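J.: Take a look at the letters that make up each chain.
2 protein chains.
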Amino acid sequence: MARPRLLTRERIVDAAAALVDAEGLDAVSIRRLAAELGVQGPSLYNHFATKNEILDAVADAVVAQVNVSFFGTHDWREALRLWAHSYRAVLSAHPNVVPMLAHGPGRRPAALAMADAVYGGLLDAGWPEARATHIGALLRYLVHGSALGSFALGFAEDPLLYEHYPHLQRAHLLAEHKHSVDEGAFTLGLDMFIAGLDRLFASAKGVSA
Amino acid sequence: MARPRLLTRERIVDAAAALVDAEGLDAVSIRRLAAELGVQGPSLYNHFATKNEILDAVADAVVAQVNVSFFGTHDWREALRLWAHSYRAVLSAHPNVVPMLAHGPGRRPAALAMADAVYGGLLDAGWPEARATHIGALLRYLVHGSALGSFALGFAEDPLLYEHYPHLQRAHLLAEHKHSVDEGAFTLGLDMFIAGLDRLFASAKGVSA
DNA sequence: ACCTGAACACCGTTCAAGT
DNA sequence: ACCTGAACACCGTTCAAGT
Chain X
1 MARPRLLTRE RIVDAAAALV DAEGLDAVSI RRLAAELGVQ GPSLYNHFAT
51 KNEILDAVAD AVVAQVNVSF FGTHDWREAL RLWAHSYRAV LSAHPNVVPM
101 LAHGPGRRPA ALAMADAVYG GLLDAGWPEA RATHIGALLR YLVHGSALGS
151 FALGFAEDPL LYEHYPHLQR AHLLAEHKHS VDEGAFTLGL DMFIAGLDRL
201 FASAKGVSA
Chain G
1 MARPRLLTRE RIVDAAAALV DAEGLDAVSI RRLAAELGVQ GPSLYNHFAT
51 KNEILDAVAD AVVAQVNVSF FGTHDWREAL RLWAHSYRAV LSAHPNVVPM
101 LAHGPGRRPA ALAMADAVYG GLLDAGWPEA RATHIGALLR YLVHGSALGS
151 FALGFAEDPL LYEHYPHLQR AHLLAEHKHS VDEGAFTLGL DMFIAGLDRL
201 FASAKGVSA
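Protein chains in written order, with this note's numbering: chain X, 1 to 209; chain G, 1 to 209.
Note that these hints are calculated values from the structure, not bench results. Some hints here could point you the wrong way.
[As the list claims (entries may be wrong)] Far from chain X, by Cβ distances over 10 Å, these chain G residues were calculated:
no., residue
1, N67
2, V90
3, G126
[Stated by the list, open to error] Okay, derived cross-link-like pairs now, BS3-like style, lysine-lysine, Cα gap no bigger than 30 Å in a straight line:
no., chain 1, residue 1, chain 2, residue 2
4, G, K51, X, K51
5, G, K205, X, K178
6, G, K178, X, K205
Computed from a predicted model, the values in this text were never measured in an experiment. All residues carry an ideal CB built from backbone N, CA and C; glycine is no exception.
With the hints as constraints, model all of the structure from the sequences given.
T.: Listed below in structure tokens is the structure:
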């Protein structure tokens, strides 16, 4: 008589994701996660080999939410812009997950599928392999950098902390403008980047024509 | 009769930095660090209140190596470029430290001094406050994003892993070109950003003149 | 003032035992 | 096949005790 199955990989990943979002990466311990699932710690090892595999699955579930469908249907400039905004929106909704993405796609399927779609879209648009690699890397830097830590929130609220820094007298006010600062910096960078690529693309075509 | 003083904050920070560089953040435990210093774990609490304070001091010692002297002596375009390259070079030499910088300068003096120098330099050059904030944030994204994880090393060496991704067939070769990929993407981005800022600056001057 | 040993409440992971 | 309890070798941190 088989007892009811208590755990699945999906239930574990969902609970871990909720814990990471709510309390951060450090809040995830095997025992804590197991308790959240109404189970004992070692039970999780029937479904994942290590704690790290669980966190990897959480990271991949987040990346799977990024929309990469723009490549193929849109001009490469517009596709890059829409993808970058989608990517950043997803990561900004789950900032605690970003540090886990830092070391690349590794073996995570959603991350590999995203890299494939972006790189393929750039090649199809006519970019050479080396440049397409640079563009993908650069946009990853921009998205990860901006999602990893809010620039605005990186300054403490205590004005006294800044009394010896002549130009930072108003830094403690940054937190109030968090959204416009972080969003503004990202959009400024993305716009300038795509404009720069557009010129690079045009000049390469011009030379080769 | 006072015994010889075994520990100083400096000795602790130096040993912690060496451990972070050699084996990563996870290798730093109080007991391990104490053993490296020939002392028992709890002794460290005579010099730092928490392990996190030790790691904060390590992070600030790294940031202190960044050269911010270009602002004031150079044109803002050149100062930004030289500073960004210095910043990236320092972080690339200590990649394991980068995740600790993600949440901003906080209360770390070297990080605050750097923010002050960059922001002040941009204001002196004539940039409005909001734009100067965006530029500082954007360059932090780029430097942190590129130093945080090598894009090239983010792909595994096993070609079999990529067999189902049509455009990633050669991804396993990326590691061989690590330096040129990561450096190339960073330089591409920095050049395009500064060119874009230059045009933005010129057009703002043109309108106001 | 600074270092130590013992102790607290935790970790990730293994494994024999149960069903 | 999957879950459990006990155990292993660790954690960060506290604190009374030593010098």
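J.: Next step is simple, just say for each hint if it's right about the structure.
T.: Tested hints:
no. : hint            : result
1   : N67             : 18 Å, holds
2   : V90             : 16 Å, holds
3   : G126            : 14 Å, holds
4   : G/K51 x X/K51   : 23 Å, holds
5   : G/K205 x X/K178 : 28 Å, holds
6   : G/K178 x X/K205 : 28 Å, holds
Of the numbered hints given earlier, the model fails none.
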